[in-house]
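Residue numbers (this note's numbering), protein chains in the order written: chain A, 1 to 111; chain B, 1 to 114.
Just so you know, the hints here were simulated from the structure itself, not pulled from any lab data.
Any given hint might turn out to be false.
[As the list claims (entries may be wrong)] What follows is a list of derived Cβ distance ranges for each label pair: (1) B:F60 with A:Q81: 34 to 42 Å; (2) A:G78 with B:N77: 41 to 49 Å; (3) A:R110 with B:T53: 46 to 54 Å; (4) A:E42 with B:S27: 16 to 24 Å; (5) A:Q45 with B:R55: 18 to 26 Å; (6) A:A111 with B:E52: 44 to 52 Å; (7) B:I12 with A:E15: 36 to 44 Å; (8) B:Q18 with A:E15: 19 to 27 Å; (9) A:G78 with B:Q18: 45 to 53 Å; (10) A:K56 with B:G62: 22 to 30 Å; (11) A:G78 with B:G16: 22 to 30 Å; (12) A:A53 with B:S27: 31 to 39 Å; (13) B:I12 with A:Y39: 33 to 41 Å.
Fair warning: this is a prediction, and the values are worked out from it, not measured in the lab.
Quick reminder that beta carbons are idealized off the backbone N, C-alpha and C, glycines included.
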Amino acid sequence: GDSVTQMEGPVTLSEEAFLTINCTYTATGYPSLFWYVQYPGEGLQLLLKATKADDKGSNKGFEATYRKETTSFHLEKGSVQVSDSAVYFCARRGNDYKLSFGAGTTVTVRA
Amino acid sequence: KAGVTQTPRYLIKTRGQQVTLSCSPISGHRSVSWYQQTPGQGLQFLFEYFSETQRNKGNFPGRFSGRQFSNSRSEMNVSTLELGDSALYLCASSQQTRSDEKLFFGSGTQLSVL
Numbered sequence: 001g002d003s004v005t006q007m008e009g010p011v012t013l014s015e016e017a018f019l020t021i022n023c024t025y026t027a028t029g030y031p032s033l034f035w036y037v038q039y040p041g042e043g044l045q046l047l048l049k050a051t052k053a054d055d056k057g058s059n060k061g062f063e064a065t066y067r068k069e070t071t072s073f074h075l076e077k078g079s080v081q082v083s084d085s086a087v088y089f090c091a092r093r094g095n096d097y098k099l100s101f102g103a104g105t106t107v108t109v110r111a
Numbered sequence: 001k002a003g004v005t006q007t008p009r010y011l012i013k014t015r016g017q018q019v020t021l022s023c024s025p026i027s028g029h030r031s032v033s034w035y036q037q038t039p040g041q042g043l044q045f046l047f048e049y050f051s052e053t054q055r056n057k058g059n060f061p062g063r064f065s066g067r068q069f070s071n072s073r074s075e076m077n078v079s080t081l082e083l084g085d086s087a088l089y090l091c092a093s094s095q096q097t098r099s100d101e102k103l104f105f106g107s108g109t110q111l112s113v114l
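When you get a sec, could you build the whole thing from the sequences and use the hints?
Below you can see the structure in the form of structure tokens.
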């Protein structure tokens, strides 16, 4: 079935470090791709999305590019802050509207 | 606009019991989906309802069921609870007219089965 494979965590970084979280997806059909974030004690919220090949989603300094040739949607941020500490989920949704999530990556940023 | 509301926030049950969780979507949203979140399995899709009809279903046993009412509110029921059902159950809503729409998530119901 449709699935998403995401880099295992946890990831611990220092402030201002570069963050990359790898994500690959099954290429059945033409899925939309998402990154959701779950801050401590809060529900999931959309961080960014991309709907077709070569689209770049961006928000709060985070970016991810929809790469059809490598079936990837890696999340990047050039300079992380303590407030970026959260669990990050990569997700795909095809035309059946079913949203499949990756396992989640816990990111901790130290001051 | 009020967000997605899930009740109750916490539940403690014992094995063999059944439980009903409630989700009120954002006004105007017709799709409600449910997810189970556990440390070991991550986020697993349970099912999705759209205009009172189950449109998608995940790979969970028949003990897990749901329904959606005409006002789009949804309930999820788990019968004959097992220890492994302990999890955070998340509900999400959207208008669901396009596959690239974002989902709005509630804060979840934390279920503990003793």
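Now the hints, each set against the structure:
Range check, F60 (chain B) to Q81 (chain A): about 38 Å between beta-carbon atoms, so the 34 to 42 Å window is met. Checked against the given bound of 41 to 49 Å, the beta carbons of G78 (chain A) and N77 (chain B), roughly 46 Å apart, stay inside it. Distance hint check: the CB atoms of R110 (chain A) and T53 (chain B) are about 48 Å apart, consistent with the given range 46 to 54 Å. A beta carbon spacing of about 21 Å between E42 (chain A) and S27 (chain B) agrees with the range 16 to 24 Å that was offered as a hint.
Range check, Q45 (chain A) to R55 (chain B): about 23 Å between beta-carbon atoms, so the 18 to 26 Å window is met. At about 50 Å, the CB distance of A111 (chain A) to E52 (chain B) agrees with the hint of 44 to 52 Å. Separated by about 39 Å at the C-beta atoms, I12 (chain B) and E15 (chain A) satisfy the suggested range of 36 to 44 Å. Separation of Q18 (chain B) from E15 (chain A) is about 48 Å and departs from the stated range, judged on CB atoms against 19 to 27 Å.
Against the hinted window of 45 to 53 Å, the Cβ-Cβ separation of G78 (chain A) and Q18 (chain B) comes to about 50 Å, which satisfies the hint. A C-beta distance of roughly 42 Å is found between K56 (chain A) and G62 (chain B), which places it outside the suggested range of 22 to 30 Å. A C-beta distance of roughly 52 Å is found between G78 (chain A) and G16 (chain B), which places it outside the suggested range of 22 to 30 Å. In this structure the hint that A53 (chain A) and S27 (chain B) lie 31 to 39 Å apart at CB holds, the actual value being about 35 Å.
Distance hint check for I12 (chain B) and Y39 (chain A): the Cβ-Cβ separation is about 25 Å, which falls outside the suggested range of 33 to 41 Å.
Going down the numbered hints, you'll see the structure goes against 8, 10, 11 and 13, while the others check out.
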